[in-house]
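Using the sequences and the hints, build the whole thing.
Chain by chain, the residues:
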Amino acid sequence: MGLDFSIIPKYLDVVLLGAAWTMGITVASAILSFFGGIVFAVIALYAPWIIRQPFRLIEWVFMGTPLLLQLFLIYFGLVQIGIDLPAFVAGIIGLGLHFAVYNSELIQTAILAVDKGQMEAARTLGLSRGEALRKVVIPQAVRAVIPPIGNNMIALLKDSALVSVIGVSELTLSAQRVIGKTYRPFEFYILAAAFYYVINLCMEWVQRKIERRIAISR
Amino acid sequence: MTEQTDFVEIRHAQKSFGALEVLKDISLSVTRGQIVGIIGSSGSGKSTLLRAINDLDPLTGGEIWLDGVQVNKSLPHRQYEKHINEMRQQVGMVFQHFNLFPHMTARENVTMAPKMLKGLSQEAADKLAEEQLDKVGMLERIDYYPSQLSGGQKQRVAIARALAMKPKLMLFDEATSALDPELVEEVNLVMKRLAEEHMTMIIVTHEMDFAASVCDRVLFMDKGVVVEEGPPATMFKHPTKERTREFLRKHIEGAK
Ligand SMILES: Nc1ncnc2c1ncn2[C@@H]1O[C@H](COP(=O)(O)OP(=O)(O)O)[C@@H](O)[C@H]1O
Ligand SMILES: [Mg+2]
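In order, the protein sequences belong to chains A and B. Going by the working numbering, the first residue of the first sequence is number 1, and it counts up by one from there. Going by the working numbering, the first residue of the second sequence is number 1001, and it counts up by one from there.
Derived from the structure by calculation, the hints contain no laboratory data. For every residue, glycine included, the Cβ atom is placed at its ideal position computed from N, Cα and C. Don't take each hint at face value.
[What the hints assert, rightly or not] List of simulated lysine to aspartate or glutamate pairs, DMTMM-like, C-alpha gap at most 25 Å: (1) B:1237 with B:1207; (2) A:135 with B:1207; (3) A:135 with B:1108; (4) B:1073 with A:131; (5) B:1115 with A:84; (6) A:135 with A:115; (7) B:1118 with A:131; (8) A:116 with B:1108.
[Said to hold, decoys possible] Taking CB as the label site, the calculated pair distances span: (9) B:1234 with A:49: 21 to 31 Å; (10) B:1061 with A:115: 28 to 38 Å; (11) B:1134 with A:54: 49 to 59 Å; (12) B:1122 with A:115: 23 to 33 Å; (13) B:1137 with A:39: 38 to 48 Å; (14) B:1223 with A:47: 40 to 50 Å; (15) A:193 with B:1123: 53 to 63 Å; (16) B:1029 with A:115: 28 to 38 Å; (17) A:60 with B:1029: 50 to 60 Å.
Below, the structure is given as structure tokens:
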């Protein structure tokens, strides 16, 4: 059986729908991981001990265990305590929090690297420490780590294939289902790969746009 | 101790960083509208004294009063924070390295605190920004980011930012030390204009000519003490202490 790409148009809609799911899940979890990363960073650096310690545990779970396990835990495990999430929501939360922890590490370092004069200038004007963090320090820290956060988001896109294990028909699972019908693994895995590549390019384009926009304000 | 105070009054200020005593029993009073210069070699405690006035470097002993209110009074933590934030709104500070907020335009640098702390509307804030930036000759660059400005322009925006809070007192910590020589004058001019408006100012500087031309009084600090003080004419022409003479010799000749 040779290669025959002419079969693709017939199943293109299925794969396209999968690609749309992948994009949706990636964007939603990227946003969650970004703001989650900021919140986690602030907790890790400034929250009182009593909040910081349990938070450390959560952080460890998300960094120290496989994402696959985390998705199972959120999707199947939480049902037992009465939290029954739709699969794609569980996927977004899992991916979002997992990468929020990684983003938080970047943001923490960046917060500590913001020149101390910035906090002082803000305090001198009469801002409280919290206000100064929110308006002055964190916006600068976040700008400084846009490139590495972008890298994390590309990793997130690739890891989004894992949500197929909880039954979300994203790109990889859609391709697999089509392959199940057609027995054409090469063609459809290549097609899926092409879609990942295109989404990847879009994300890099967005990242470059953001970087160019903030270049002047750094 | 009397409650009657001068506009700014520093009583027996003492400051140590660990074992290092940086301010040793400094007392100083400044009347409303007075302009006081502080000179002295590097490490003598000038910045620390200035920073103590708005509690950036809290004193380890002594008192600071501003317009009849003690800045460093002892209060429970939360109340103290609230008190100190209110005090700081009344004291403008200008730093050697400007410390402009790089992610904000000149306008936003000027309006951020008034909007946040005084609840100014966007409209009122814009008017304030225009007024303050015009005053320092930076109206044309109102929507520029700090990265697009020269050092002198940055410092003028930083002065406008401090003035926008309508402070009672302005503190300048070597405002022109980080500037290229050709940019010093534009900042000095802004400070001179403030002097003409009778803004109360404490100015740490290494420019003796400037101190002589704007200050009502000059203090010479060395190793955490005020060695000598007086009107600039007397201080610069007829210093009485040997340490002052030595410092002035180095600095006035060094500058020429
Ligand atoms: N945060 C700090 N921790 C420890 N030592 C400090 C700190 N700030 C200043 N010092 C020390 O205090 C002394 C006076 O510093 P400073 O007030 O900056 O002097 P000046 O402004 O006159 O050059 C110096 O010896 C300096 O090293
Ligand atoms: Mg200094």
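Do the hints match the structure? See the list:
Distance check on the hinted pair: residue 1237 of chain B and residue 1207 of chain B sit about 15 Å apart at the alpha-carbon level, within 25 Å; holds. In summary, the hint linking residue 135 of chain A to residue 1207 of chain B is not supported, as the alpha carbons are separated by about 35 Å, beyond the 25 Å threshold. Distance restraint check for residue 135 of chain A and residue 1108 of chain B: the Cα-Cα separation of roughly 11 Å lies within the 25 Å cut-off, and the hinted pair is therefore satisfied. Note on residue 1073 of chain B and residue 131 of chain A: the hinted pairing holds, with a Cα-Cα distance of about 23 Å set against a maximum of 25 Å.
With a C-alpha separation of about 44 Å, the suggested pair residue 1115 of chain B and residue 84 of chain A falls outside the 25 Å cut-off, and the hint is violated. Between residue 135 of chain A and residue 115 of chain A the CA atoms are separated by roughly 14 Å; this keeps the pair inside 25 Å, and the hint holds. Restraint check for residue 1118 of chain B and residue 131 of chain A: the C-alpha separation of about 14 Å stays at or below 25 Å, so the hint holds. Taken as a hint, the residue 116 of chain A and residue 1108 of chain B pair is honoured in the structure, with Cα atoms around 20 Å apart against an allowance of 25 Å.
The given range of 21 to 31 Å is broken by residue 1234 of chain B and residue 49 of chain A, whose C-beta atoms sit roughly 57 Å from each other. At roughly 30 Å, the beta carbons of residue 1061 of chain B and residue 115 of chain A sit within the given window of 28 to 38 Å. Hint check: residue 1134 of chain B to residue 54 of chain A, Cβ distance near 53 Å, so the stated range 49 to 59 Å holds. With their beta carbons about 28 Å apart, residue 1122 of chain B and residue 115 of chain A fall inside the hinted range of 23 to 33 Å.
Separation of residue 1137 of chain B from residue 39 of chain A is about 42 Å and conforms to the stated range, judged on CB atoms against 38 to 48 Å. Judged by the Cβ atoms, the range 40 to 50 Å given for residue 1223 of chain B and residue 47 of chain A holds: they are separated by roughly 42 Å. Between residue 193 of chain A and residue 1123 of chain B the CB atoms are about 54 Å apart, so this pair conforms to the stated range of 53 to 63 Å. Against the hinted window of 28 to 38 Å, the Cβ-Cβ separation of residue 1029 of chain B and residue 115 of chain A comes to about 34 Å, which satisfies the hint.
Between residue 60 of chain A and residue 1029 of chain B, the C-beta spacing of about 57 Å keeps the proposed range 50 to 60 Å intact.
The structure shown violates the earlier hints numbered 2, 5 and 9.
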